[in-house]
Amino acid sequence: DGGITQSPKYLFRKEGQNVTLSCEQNLNHDAMYWYRQDPGQGLRLIYYSQIVNDFQKGDIAEGYSVSREKKESFPLTVTSAQKNPTAFYLCASAQGWSNQPQHFGDGTRLSIL
Amino acid sequence: QQQVKQSPQSLIVQKGGISIINCAYENTAFDYFPWYQQFPGKGPALLIAIRPDVSEKKEGRFTISFNKSAKQFSLHIMDSQPGDSATYFCAASGRGGTSYGKLTFGQGTILTVHP
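These protein sequence lines map, in sequence, to chains A and B.
Position one of the first sequence corresponds to residue 57 (our numbering), numbered consecutively onward.
Position one of the second sequence corresponds to residue 894 (our numbering), numbered consecutively onward.
Note that these hints are calculated values from the structure, not bench results.
Glycine included, C-beta positions come from ideal geometry on N, C-alpha and C.
Keep in mind that a hint or two might mislead.
To be verified - List time: in silico BS3-like cross-link candidates among lysine-lysine, alpha-carbon distance up to 30 Å:
| id | chain 1 | residue 1 | chain 2 | residue 2 |
| --- | --- | --- | --- | --- |
| 1 | A | K113 | A | K65 |
| 2 | B | K950 | B | K935 |
| 3 | B | K898 | A | K113 |
| 4 | A | K113 | A | K139 |
| 5 | B | K950 | B | K961 |
| 6 | B | K908 | B | K951 |
| 7 | B | K935 | B | K908 |
| 8 | B | K935 | A | K127 |
| 9 | B | K951 | A | K127 |
| 10 | A | K113 | B | K995 |
| 11 | B | K951 | B | K935 |
| 12 | B | K951 | A | K65 |
| 13 | A | K139 | A | K70 |
| 14 | B | K964 | B | K995 |
| 15 | B | K950 | A | K113 |
| 16 | B | K964 | B | K898 |
| 17 | B | K908 | B | K950 |
| 18 | B | K964 | B | K950 |
| 19 | B | K995 | B | K908 |
| 20 | B | K961 | A | K126 |
| 21 | B | K908 | A | K139 |
| 22 | B | K935 | B | K898 |
| 23 | A | K70 | A | K113 |
| 24 | B | K898 | B | K908 |
| 25 | A | K113 | B | K908 |
| 26 | A | K126 | B | K951 |
| 27 | B | K951 | A | K139 |
| 28 | A | K139 | B | K950 |
| 29 | A | K65 | B | K995 |
| 30 | B | K995 | B | K950 |
| 31 | B | K964 | B | K951 |
| 32 | B | K961 | A | K70 |
To be verified - What follows is a list of derived Cβ distance ranges for each label pair:
| id | chain 1 | residue 1 | chain 2 | residue 2 | range |
| --- | --- | --- | --- | --- | --- |
| 33 | B | K950 | A | R100 | 42 to 50 Å |
| 34 | A | D86 | B | T1005 | 12 to 20 Å |
| 35 | B | K950 | A | S136 | 19 to 27 Å |
| 36 | A | S129 | B | P1008 | 22 to 30 Å |
| 37 | A | S129 | B | T1005 | 18 to 26 Å |
| 38 | A | S63 | B | F932 | 36 to 44 Å |
| 39 | A | Q112 | B | G953 | 18 to 26 Å |
| 40 | A | I168 | B | A922 | 33 to 41 Å |
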C-alpha cells in the first residue's frame, strides 16, 4: 500500500540530546513537509522540501534541522536548542508544489524525560 | 495576514443533526481551501477541498460553502454520525507570495456526535 510511514510512534528525549524522527513515503511525491501539532494550535510548519537536496524553513524552524538526500525520505532532527520539544510531529507529502493535497503520516509523539 | 481563524473550538451535536464549522482568512492570495479530519493518534486526512471559482462543493454528507467577498468558508456535515467525532481543521494556501504551496491551518474544532 502507498503511504507515509513515520517512526518511531513514541520518542523520549533527554536534556541536551538530539533526536531524529523518520519519515518515509512510497507515493513518489516530490514535496514533503514537517509539522508540529500542539493542543489548540493547529498544525505549524517546521520545514518543507520541494525537491531532493533542497529544503526551506517554515514558520517555526528554530531548534530543528532536516535533510532530503532521497526523494522518499525526509528525516527531522530535534536538536537540544529546541527548548520546548514536547509535541506531536507530523510528516506530509504532496504530488506537486502548487496547491496539491497533502497526505499525512500517523505522527511521532515526542516527550521529554 | 497568514492566519486562518477557525470556530468553534469544540462542538457537540446529536446524531442526525447538522455540524457547522467556520473559518475566516485575511490573505487574498489564498486560492485553495481544504478541510482535514483527524482521529486521536492519527494524522489528518483530507476530507474535501474547494477553490474560489465555486461557492459550494458537496461530497456525500460533507459540504463546503465559500464566500469570497467575506473571506469565509465553512464545513457542513449533514446527518452527523458518532463516527464523525474527530478534530476538523480548515486550511488555506495560495499560488503566490509567502503562502505559495504552504498550507496555513486553523486551530481545529473538536466535534463530538452523541448517539
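A quick look at each hint next to the structure:
no. : hint                         : result
1   : K113/A / K65/A               : holds (24 Å)
2   : K950/B / K935/B              : holds (26 Å)
3   : K898/B / K113/A              : holds (23 Å)
4   : K113/A / K139/A              : holds (18 Å)
5   : K950/B / K961/B              : holds (14 Å)
6   : K908/B / K951/B              : holds (20 Å)
7   : K935/B / K908/B              : holds (23 Å)
8   : K935/B / K127/A              : holds (24 Å)
9   : K951/B / K127/A              : violated (34 Å)
10  : K113/A / K995/B              : holds (11 Å)
11  : K951/B / K935/B              : holds (25 Å)
12  : K951/B / K65/A               : violated (35 Å)
13  : K139/A / K70/A               : holds (11 Å)
14  : K964/B / K995/B              : holds (18 Å)
15  : K950/B / K113/A              : violated (33 Å)
16  : K964/B / K898/B              : holds (11 Å)
17  : K908/B / K950/B              : holds (23 Å)
18  : K964/B / K950/B              : holds (16 Å)
19  : K995/B / K908/B              : violated (35 Å)
20  : K961/B / K126/A              : violated (40 Å)
21  : K908/B / K139/A              : violated (43 Å)
22  : K935/B / K898/B              : holds (23 Å)
23  : K70/A / K113/A               : holds (25 Å)
24  : K898/B / K908/B              : holds (27 Å)
25  : K113/A / K908/B              : violated (43 Å)
26  : K126/A / K951/B              : violated (38 Å)
27  : K951/B / K139/A              : violated (44 Å)
28  : K139/A / K950/B              : violated (43 Å)
29  : K65/A / K995/B               : holds (25 Å)
30  : K995/B / K950/B              : holds (22 Å)
31  : K964/B / K951/B              : holds (19 Å)
32  : K961/B / K70/A               : violated (48 Å)
33  : K950/B / R100/A: 42 to 50 Å  : violated (27 Å)
34  : D86/A / T1005/B: 12 to 20 Å  : violated (38 Å)
35  : K950/B / S136/A: 19 to 27 Å  : violated (46 Å)
36  : S129/A / P1008/B: 22 to 30 Å : violated (43 Å)
37  : S129/A / T1005/B: 18 to 26 Å : violated (38 Å)
38  : S63/A / F932/B: 36 to 44 Å   : violated (19 Å)
39  : Q112/A / G953/B: 18 to 26 Å  : violated (36 Å)
40  : I168/A / A922/B: 33 to 41 Å  : holds (38 Å)
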